[in-house]
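When we follow the numbering used here, the leftmost residue of the sequence shown carries the number 1, and every step to the right adds one.
These are calculated hints, taken from the structure and not from any lab test.
Keep in mind it's a predicted model, so treat the numbers as computed, not measured.
Watch out, some of these pointers could steer you wrong.
[What the hints assert, rightly or not] Quick list of in silico lysine to aspartate or glutamate cross-link-like pairs, DMTMM-like style, CA-CA up to 25 Å:
1. K154 / E167
2. K154 / D199
3. K214 / E230
4. K214 / E229
5. K214 / E204
6. K154 / E30
7. K214 / E153
8. K214 / E181
9. K154 / E204
10. K154 / D236
11. K154 / E229
12. K154 / E203
13. K214 / E203
14. K154 / D212
15. K214 / D224
16. K214 / D199
17. K154 / E194
[Claimed, not checked] Cβ-Cβ distance ranges computed for the label pairs, FRET-style:
18. R209 / S20: 35 to 45 Å
19. E219 / S180: 35 to 45 Å
20. H58 / E181: 20 to 30 Å
Ideal placement from N, C-alpha and C gives every residue a C-beta, glycine not left out.
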Amino acid sequence: MRNPPDSINHLLDTLTDNPSPSLRIHFPTETVSSPGQHLSTTASATPPSFSVSASALHSLKFPNNDLSPVSSHTSDPDDQQKATTGNEDNLDLDTNPLTIPRFLVTTLDLDPPFPSFPVLGPILHGMQADMALSTSFTGEDSVDMEKQFIPLEKDTRFNLGEDDGGEVARYMGPAPLGWSEPHRYVCLMWQQPEGVTGDRIREEMGWGRSRDGKVGAWERVRFDQGGFEERFGLGDVVAGNYFVC
Numbered sequence: 001m002r003n004p005p006d007s008i009n010h011l012l013d014t015l016t017d018n019p020s021p022s023l024r025i026h027f028p029t030e031t032v033s034s035p036g037q038h039l040s041t042t043a044s045a046t047p048p049s050f051s052v053s054a055s056a057l058h059s060l061k062f063p064n065n066d067l068s069p070v071s072s073h074t075s076d077p078d079d080q081q082k083a084t085t086g087n088e089d090n091l092d093l094d095t096n097p098l099t100i101p102r103f104l105v106t107t108l109d110l111d112p113p114f115p116s117f118p119v120l121g122p123i124l125h126g127m128q129a130d131m132a133l134s135t136s137f138t139g140e141d142s143v144d145m146e147k148q149f150i151p152l153e154k155d156t157r158f159n160l161g162e163d164d165g166g167e168v169a170r171y172m173g174p175a176p177l178g179w180s181e182p183h184r185y186v187c188l189m190w191q192q193p194e195g196v197t198g199d200r201i202r203e204e205m206g207w208g209r210s211r212d213g214k215v216g217a218w219e220r221v222r223f224d225q226g227g228f229e230e231r232f233g234l235g236d237v238v239a240g241n242y243f244v245c
């Protein structure tokens, strides 16, 4: 495997010390809420969705009108009422999608073809961009009120089509060789720097302008994650987690 960038090493070290990851990985029948959780290839075959701990977002910059779910779901209800009263006319002051925090998540297999000999790693298994914190949920049904996990969703301010899930690189489900030990599949989340969009990533990576998520196999194998982060100025990882399969 290529030398793992600091982002991956730091995340794995953090998850070793902290069994409560800042990112949850949601599949239709399973949710990865603990680092290293074992999934079957069937359970992890479809593109995942994600939710992020509100505590992981406190250091990020949000618009001045502060409509983020972070503030609305972590502050005292009385304070929320005070902040809302009299400000109804200001709720649409900042609707430019390029000024709203958007997020990028990459999914990588660290161990192909074998954990003991990961010469093909990492393999890019998926990349989603232009995701925003959900503002559509009302509380108990969509958020873990104990841990304050906020869903990420497709940012409709980009007028993406119904069939466009925001996939920069289409998700490939795990398919380790039958005699291999389980592989680690790590998901890392960043706040996208200003000017970085899914379309720009696809164009600069030579993956084409179409938002169909198609990326060739050889472009996924031995993916230069460190170079990718440097190229687009991604900075520190906001949240992350991993599962094994």
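Hints versus structure:
no., hint, result
1, K154 / E167, "10 Å, holds"
2, K154 / D199, "14 Å, holds"
3, K214 / E230, "23 Å, holds"
4, K214 / E229, "20 Å, holds"
5, K214 / E204, "14 Å, holds"
6, K154 / E30, "21 Å, holds"
7, K214 / E153, "20 Å, holds"
8, K214 / E181, "28 Å, violated"
9, K154 / E204, "22 Å, holds"
10, K154 / D236, "22 Å, holds"
11, K154 / E229, "22 Å, holds"
12, K154 / E203, "20 Å, holds"
13, K214 / E203, "12 Å, holds"
14, K154 / D212, "15 Å, holds"
15, K214 / D224, "18 Å, holds"
16, K214 / D199, "13 Å, holds"
17, K154 / E194, "18 Å, holds"
18, R209 / S20: 35 to 45 Å, "40 Å, holds"
19, E219 / S180: 35 to 45 Å, "23 Å, violated"
20, H58 / E181: 20 to 30 Å, "37 Å, violated"
The structure fails to meet hints 8, 19 and 20 from the earlier list, while all remaining hints are met.
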